[in-house]
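S.K.: Quick note, the sequences are listed as chains A and B, same order.
In terms of this note's numbering, the first sequence is residues 1 to 343.
In terms of this note's numbering, the second sequence is residues 1 to 263.
Certain hints may be false.
[Said to hold, decoys possible] Among chain B residues calculated to face chain A with C-beta under 8 Å, some are: (1) D140; (2) Q142; (3) I143; (4) A147; (5) C157; (6) G164; (7) T168; (8) Q193; (9) Q205; (10) I252; (11) S262.
[To be verified] Stretches of chain A that chain B covers, calculated by requiring three or more beta carbons in the stretch to come under 8 Å of a beta carbon on chain B: (12) 192-204; (13) 268-278.
Derived by calculation from the structure, the hints in this document are not laboratory data.
Backbone N, C-alpha and C fix where the C-beta goes; we use that ideal spot for every residue, glycine too.
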Amino acid sequence: MSDIERADEAHGQPGTTLAKPEGGVPDRFENPGLPPHKHRMGDTDPKAAKRAEHQVVFFLLLSMLGSIGIIVSIIAIKYDGSFDQVSLSTKAIGLSMFLSLFALGIGAVHWAKTLMPDDERIDMRHRQRGTTAEREEAVNILKEGAAEAGLGRRPLIRNTLIGALALFPIPAVFFFRDTGPLPGNDLSTTMWKADTYLVKDPEGGRIRAADVTLGSVMHVLPEGIEELEHPLNEKAKSAVLIMRLDASLLTEKQNNWGVDGTVAYSKICTHMGCPVALYEQQTHHLLCPCHQSTFDLTQDCKVIFGPAKRPLPQLPIAVDDDGYLVATDGFSEAVGPSFWERG
Amino acid sequence: MAVVVLIALALLLVGGLYAALAPRDAQATTATATADDIEAGKKLFLANCATCHGINAEGGAVVDGNNAGPSLIGVGAAAVDFQVGTGRMPLAQSGAQAPEVDKIRFSQEQIDQMAAYIASLAPGPAVPTEEQLDASNFSDEQIAEGAAIFRTNCAMCHNSSGKGGALTAGKYAPDLTDVSAKHIYEAMVTGPQSMPVFSDNNIGQEDKAALIAWLVNENGDVRPDPGGLTLGSLGPVSEGLVAWMAGIGLLIGVSVWLGMKSS
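Build the full structure now, drawing on both the sequences and the hints.
M.R.: Shown next as structure tokens:
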């Protein structure tokens with residue numbers, strides 16, 4: 001009896017009769033069994049099997065090619081520091097890796113599907129529970145082990161063991177502490193304070209109040225930021241926009257904190273901290289590129305659209321004796337997104 | 001003998017042709033607006049622009065409501081050259097913003113005349129000269145500085161690669177990749193539509209030229225894109241589309257193939 005015939009026999013016969021009570025759903029269905037097994041071309045035709053074999057071999061060879069390709073791309077493409085080389089190297093390694101893995105997978109699956117035996121086997125369920133004797137034996141082993149360890153008789157070992165295990169995780173606290181200093185009040189404060197000059201981002205250089213023309217926007221940093229130890233950390237909080245518009249469009253508070261229609265606002269979105277830098281000079285809206293929060297400059301940067309909840313904080317500015325813009329105070333509240341301790 | 005005469009004649013012809021046809025240095029056109037130009041520009045203005053912008057360019061009262069043209073007094077020659085030279089004006093119909101149009105309705109001479117007329121009304125930003133835009137002797141560091149200025153001042157609206165992006169209520173920042181250096185410069189100094197003004201005190205003249213040189217790349221070499229396929233440089237939109245269509249499509253295809261019985 002060939003494998004194929006045996007597979008046929010293992011199949012149930014399709015059910016034909018059902019115990020059907022009068023005019024209703026039957027009490028039980030008869031087991032319809034598995035559908036008749038359908039043979040693949042490779043099972044009956046040796047030529048087809050040979051063809052499938054060749055296909056599998058083709059994919060496996062392709063995978064070899066890919067693996068060699070990875071090695072070749074790593075060795076042959078030398079970094080000379082140019083973007084082109086980085087790009088070429090990344091693409092060559094990536095594509096070879098794809099070929100290596102993908103062709104291997106395709107080959108394996110194709111092999112399994114066309115050539116490996118695919119006749120159904122039935123494996124009956126069996127009980128999971130052990131016999132009563134086996135269970136009792138297992139419990140006895142545990143009890144015996146506990147008695148032999150003698151922890152009850154040697155309390156000194158027991159207590160020191162508990163102490164050792166309790167102390168073991170404590171050093172982790174120190175590891176966590178060493179991951180970095182606590183932020184302190186860094187989130188609430190910025191570099192801006194009274195008499196900090198406004199300078200252009202990124203060119204630097206103080207800004208003359210008269211140079212801010214109507215309808216213009218300037219990207220501003222506090223003077224001296226580049227000399228800090230971590231200028232980028234500070235830049236993430238202290239970036240400021242100054243815009244000039246007709247002073248009559250602004251509120252009294254805005255004019256008091258501004259110079260002749262020039263007002264300075266934090267550039268950090270109060271939602272997620274993106275730079276709110278899209279300024280529409282006709283509508284006087286400031287737009288955040290990340291989640292489209294929109295702030296109306298003529299209403300003290302109130303949120304008029306989007307997920308931000310608080311207006312952008314205004315930086316009070318004035319003109320010094322030489323005509324340069326200078327902050328008269330720091331921000332009156334924390335800039336940027338909300339955080340736990342902000343309240 | 002005849003050969004010598006022939007060669008001499010040929011040389012004369014070639015030399016003469018060269019002298020006649022050789023390209024001359026481009027000349028700056030700004031400072032030379034004559035009274036005739038202004039007069040011609042005024043005629044063009046009255047015929048083509050005055051309906052919306054008013055007979056004396058004082059801003060339109062003719063068109064009712066909020067779509068009246070703004071006053072053009074003091075916008076300068078640069079604004080005219082930009083708006084008309086990119087086809088944004090004359091506006092075909094009012095909308096969220098004036099779109100760039102391929103078909104320019106006026107010759108450069110006519111645009112210059114209109115610009116001369118508008119510039120004669122009140123001082124304003126002038127059309128940049130060739131020298132102002134010239135970045136040929138800039139160092140790589142200067143061009144890189146221009147790129148940094150672009151990233152701080154322009155990239156949030158125009159995209160870090162200059163491909164443009166959306167603003168609110170149908171407005172948008174246009175793609176800059178095919179815009180001429182002159183028009184980019186003019187847009188910065190005049191602040192057309194939603195765009196803020198970037199005067200020479202805000203971004204210095206040389207910085208502007210360096211920024212444009214980085215963006216426009218006039219010497220013809222393509223800025224290298226280490227990221228491979230740019231997919232239009234539109235960020236998550238086009239990248240997400242490809243990931244969904246191609247990536248998930250491939251996964252679905254493989255899953256279907258895995259579950260299919262072999263024939």
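S.K.: Could you tell me which of the hints above the structure violates, numbers in ascending order?
M.R.: The structure breaks hints 1, 2, 3, 4, 6, 9 and 10; every other hint is satisfied.
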